[in-house]
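Those sequence lines, one after another, are chains A and B. Under the working numbering, the residue at position 350 of the first sequence is numbered 350, and the numbers go up by one with no gaps. Under the working numbering, the residue at position 365 of the second sequence is numbered 812, and the numbers go up by one with no gaps.
Misleading hints may appear alongside valid ones.
To be verified - Derived EDC-like pairs: lysine to aspartate or glutamate, alpha-carbon spacing no greater than 16 angstroms straight-line:
| id | chain 1 | residue 1 | chain 2 | residue 2 |
| --- | --- | --- | --- | --- |
| 1 | B | K618 | B | D780 |
| 2 | B | K597 | A | D299 |
| 3 | B | K595 | A | E345 |
| 4 | A | K135 | A | E165 |
| 5 | A | K324 | A | D303 |
| 6 | B | K454 | B | E862 |
| 7 | B | K597 | A | D94 |
| 8 | B | K579 | A | D350 |
| 9 | A | K391 | A | D362 |
| 10 | B | K579 | A | E164 |
| 11 | B | K594 | A | D88 |
| 12 | B | K661 | B | D718 |
| 13 | B | K595 | A | D87 |
| 14 | B | K597 | A | D350 |
| 15 | B | K594 | A | E381 |
| 16 | A | K334 | A | D350 |
| 17 | A | K238 | A | D299 |
| 18 | B | K594 | A | D85 |
| 19 | B | K595 | B | D718 |
| 20 | B | K595 | A | D88 |
| 21 | B | K667 | A | E73 |
| 22 | B | K597 | A | E345 |
| 23 | A | K196 | A | E164 |
| 24 | B | K579 | A | D94 |
Said to hold, decoys possible - Partial selection, computed: residues in chain A whose CB lies under 7 angstroms from chain B:
| id | residue |
| --- | --- |
| 25 | E73 |
| 26 | T76 |
| 27 | V77 |
| 28 | R80 |
| 29 | M82 |
| 30 | E91 |
| 31 | N92 |
| 32 | F93 |
These are computed hints drawn from the structure, not numbers from a lab. Cβ atoms here follow ideal geometry from the backbone N, Cα and C, with glycine treated the same way.
Residue strings, one per chain:
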Amino acid sequence: MTYDERLQNVSVLGAAGKMGSGILLLTAAEMADRALLPENKGKTFVLNAIDVSDEVLAGLMNYLRVQVRKIAEKKTVWLRKMYADRDDLIENFDIIDEYIFDVMNIVRPVTAMEVAYRSNLVFEAVNENRSLKVKLFSQIKQNNDKDVWFFTNTSSVPIHLIDEEAGLDGKIIGFHFYNPPAVQRLVELIRTDNTKDEVVDFAYAYAKNLRKIIVPSNDFAGFIGNGHFMRDGLHGIKEAEALAKEKNIPLYKAIYMINKITQEYLIRPMGIFQLMDYVGIDVMQFILNVMNPFVKDEDLQNDLLDKMMEQGVKGGQYSSGAQKDGFLKYKGGKPVAVWDIHKQEYVNIDTFKDECDEMLGDLPDSAVAWKSTLRMKNKEEVFSRFFNDLKAMSTMGSQIAINYGKRSKAIGEKLVSDKVAKNSDDVNTVMLAGFFHAYGPINNYFD
Amino acid sequence: MKKLRRKVYMTAGYNTISLGTGRKEFNPKKPRPGIEHYIKEAGQGVLTQIGGAGNVDESVIGNFMAGRFNNQGHLDGFIPMIDKGLAMKPAVRVEGACASGGLSLVTGIRQVLAETSEVVLSLGFEVQNTVKAIYGADILALAGWFKKRKTGHAYFFPGQFSDRAGAYYEKYGYERTRKGMSRWYANAIENARLDPTAQEYHNNISDPYATALKMQPNGKTFVDHLTVLDCSKVSDGASGITICSEEGLKRIGVDKKDAVEVIGFGHAVRDITTDPADLTELETIKFAAHQALENAGITIDQVGTVETHDCFSIAGIMAVEALGLAAKGEGADYVAEGKTGRNGELPFNTTGGLIGWGHPTGGTGVHQAVTIWQQLTGKAGKAQIEISKDRPYGLTINMGGDDVTVTSIVFKRGE
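Please put together the full structure from these sequences, using the hints given.
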């Protein structure tokens, strides 16, 4: 089966979800683009958008129409060439509308999973729930008389377990998009020892057409992205707890300080507590629980996360994309208060900011904001100067920051020595492209 | 063209800001003023300088494509909205693509010459930010022949002038042409920064010339031979001016010194269904500008400042050649040497032109006349250049489509 034949009948499970809708959008556009090629004229492409309710599917179709227009507007020059033989399509208006129609025409929103029995390729983007994934895959596998392949958007469950339990015979690959899939360019590709080469080849070709940055990860719970982030987050919690104890200050003040250090001293897009809120404390706890049984020399269970969950403070995002309150409370997307785990209320940052900032000490003059480094050409030089200045200082903030940088590097190096990642470049690429860090964790800045 | 049979003046010019990307006020996600706002502001801006609407005999309004940008036709009906004093008086809308503003001016001039009016209110406007650029390109493409739209570029007009630039590079050399085009951009920005109504007034990039020179055309993301800095932007804006006779000047109480006299003008149209004979030449501009100079009885070396239609930087360079300031293929060098800069041999587009001030298509021709009026009467503020006695004339060139409709006017300060 050729690449195009494989794509002629595809199903997305969980198509209306946060990840599923993005995967559906990208796949629908890719299929429509293939259908437009001269060699594919007259061939039918079908993409089943499968989810649990008609309501969410109706919402999905609205989302699709808006997003496909945006995609079409960006590639009108190419589309004009593809529709060159259509005398009735003259203006960009006509051509973009036709493309939207063509994409929407491929997508079949449906609540019945049985349609996947006719698919050559199944994309799965349901919850990070091993037994659910296994159940769906084995059912499809048993009823599908094609050589069906499974692409699973799994962020932590080892893929080989799903393969074995669902009886997929290596026709599965982990295809881990980052949120939101339509925007984030990173994809972690996880093959098992059993994954067939042709599945891998197809996955690479597909990811390349979607213009994704591909990083292969070994099939080890959490893979590279969560493998680093989860441990980095736990380290942030430990540092905050240690700081609170050592300085005899309330935990919320320490959380504020560690969050500030990890953002401003480490030049990251957001502090570590804000990032945990962004991912969702519930999601984080869930992934840690998935990973924990598979790691031998460390315990990924965390009391503070459990306590936050008990208190119903979970972070995550509203469907509008706005940030829900978690460790931090947000106003206009910016942290304004920190959760006090004892009193179970938020404490305004303004009331203790000056006192905490004074404890941390000033940043050196060579400090730069993360955003200003995005287009910087001499980044390495700027970072070297700043981190050297930081190392030369004896303030509390600089000390914690340097240790944090060292720990982040150690986490990265362990992913390589544990063979989760092939090399340090792959770890750095994941953190650069998937987490928008300004520099990779495996570096020499903190040595 | 016959000599003008009576004296015609222009005075009391007014420009709204040119709103679009680059202006701090511009936010594509927030509602913006509509056509009513622009027509009213420009119209009233003129009327307050001429003793009110009661002094106006008739009005002309130039606009290209409100029918599609704003779903609005019948634009002369908006004239009495400016001021009740304009009701029950003649008003006409004129359209000649991006030369609609120029047509508004020459129509007003003819009305005064025909002695049917002593005072004419001439306006031009366009409100284009109502659609995204990719759809705006469709609308602007209607300045070309629709039968050619299918085979044209997604960004139709940039595509047309990209072809012209490509032909010019091939014939006369890429490097030297890019230097000229980059200098053209830098001049536009430098001049726009001196005019508070200009779209690039807030532009603060440190070295516009280096930025433009470094940027390379990329056909994969835009067109083959132009960068975005070679193109005028999408603009919302309006301009207005009064066109009147000597008697009209007296009626509105404006001294001749505060007016410019129309010494001569040219107006020519090329067949829209044919391709340009030579892609490296703007033949209609050449024809109409020379017609204007001849009509005025002067030569280009008597002209102290030019407002030319630089919808694309390459069009500016070709206009330099069309005017005979440089031989064919040497216009880029002429510009690169700084001769069209505000301190150069012959300053061009002293408030930024289409690339710097902005290009609200139907308003551009009128805006050019306002700039010339400001410069020749010493009202250009920080953008003021020195007008020497031996070069007292100002010249405008306004082009519609791909060198299809052109108006050109020669002005001199009233005396």
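We went through each hint and held it up to the structure:
{"no.": "1", "hint": "B:K618 with B:D780", "result": "holds (14 angstroms)"}
{"no.": "2", "hint": "B:K597 with A:D299", "result": "violated (65 angstroms)"}
{"no.": "3", "hint": "B:K595 with A:E345", "result": "violated (67 angstroms)"}
{"no.": "4", "hint": "A:K135 with A:E165", "result": "holds (9 angstroms)"}
{"no.": "5", "hint": "A:K324 with A:D303", "result": "violated (21 angstroms)"}
{"no.": "6", "hint": "B:K454 with B:E862", "result": "holds (11 angstroms)"}
{"no.": "7", "hint": "B:K597 with A:D94", "result": "holds (11 angstroms)"}
{"no.": "8", "hint": "B:K579 with A:D350", "result": "violated (42 angstroms)"}
{"no.": "9", "hint": "A:K391 with A:D362", "result": "holds (13 angstroms)"}
{"no.": "10", "hint": "B:K579 with A:E164", "result": "violated (51 angstroms)"}
{"no.": "11", "hint": "B:K594 with A:D88", "result": "holds (12 angstroms)"}
{"no.": "12", "hint": "B:K661 with B:D718", "result": "violated (37 angstroms)"}
{"no.": "13", "hint": "B:K595 with A:D87", "result": "holds (12 angstroms)"}
{"no.": "14", "hint": "B:K597 with A:D350", "result": "violated (61 angstroms)"}
{"no.": "15", "hint": "B:K594 with A:E381", "result": "violated (56 angstroms)"}
{"no.": "16", "hint": "A:K334 with A:D350", "result": "holds (13 angstroms)"}
{"no.": "17", "hint": "A:K238 with A:D299", "result": "holds (13 angstroms)"}
{"no.": "18", "hint": "B:K594 with A:D85", "result": "holds (15 angstroms)"}
{"no.": "19", "hint": "B:K595 with B:D718", "result": "holds (14 angstroms)"}
{"no.": "20", "hint": "B:K595 with A:D88", "result": "holds (13 angstroms)"}
{"no.": "21", "hint": "B:K667 with A:E73", "result": "holds (14 angstroms)"}
{"no.": "22", "hint": "B:K597 with A:E345", "result": "violated (63 angstroms)"}
{"no.": "23", "hint": "A:K196 with A:E164", "result": "holds (14 angstroms)"}
{"no.": "24", "hint": "B:K579 with A:D94", "result": "holds (15 angstroms)"}
{"no.": "25", "hint": "E73", "result": "holds (5 angstroms)"}
{"no.": "26", "hint": "T76", "result": "holds (4 angstroms)"}
{"no.": "27", "hint": "V77", "result": "holds (5 angstroms)"}
{"no.": "28", "hint": "R80", "result": "holds (5 angstroms)"}
{"no.": "29", "hint": "M82", "result": "violated (12 angstroms)"}
{"no.": "30", "hint": "E91", "result": "holds (4 angstroms)"}
{"no.": "31", "hint": "N92", "result": "holds (5 angstroms)"}
{"no.": "32", "hint": "F93", "result": "holds (5 angstroms)"}
Violated hints, listed in ascending order, are 2, 3, 5, 8, 10, 12, 14, 15, 22, 29; each of the other numbered hints is respected by the structure.
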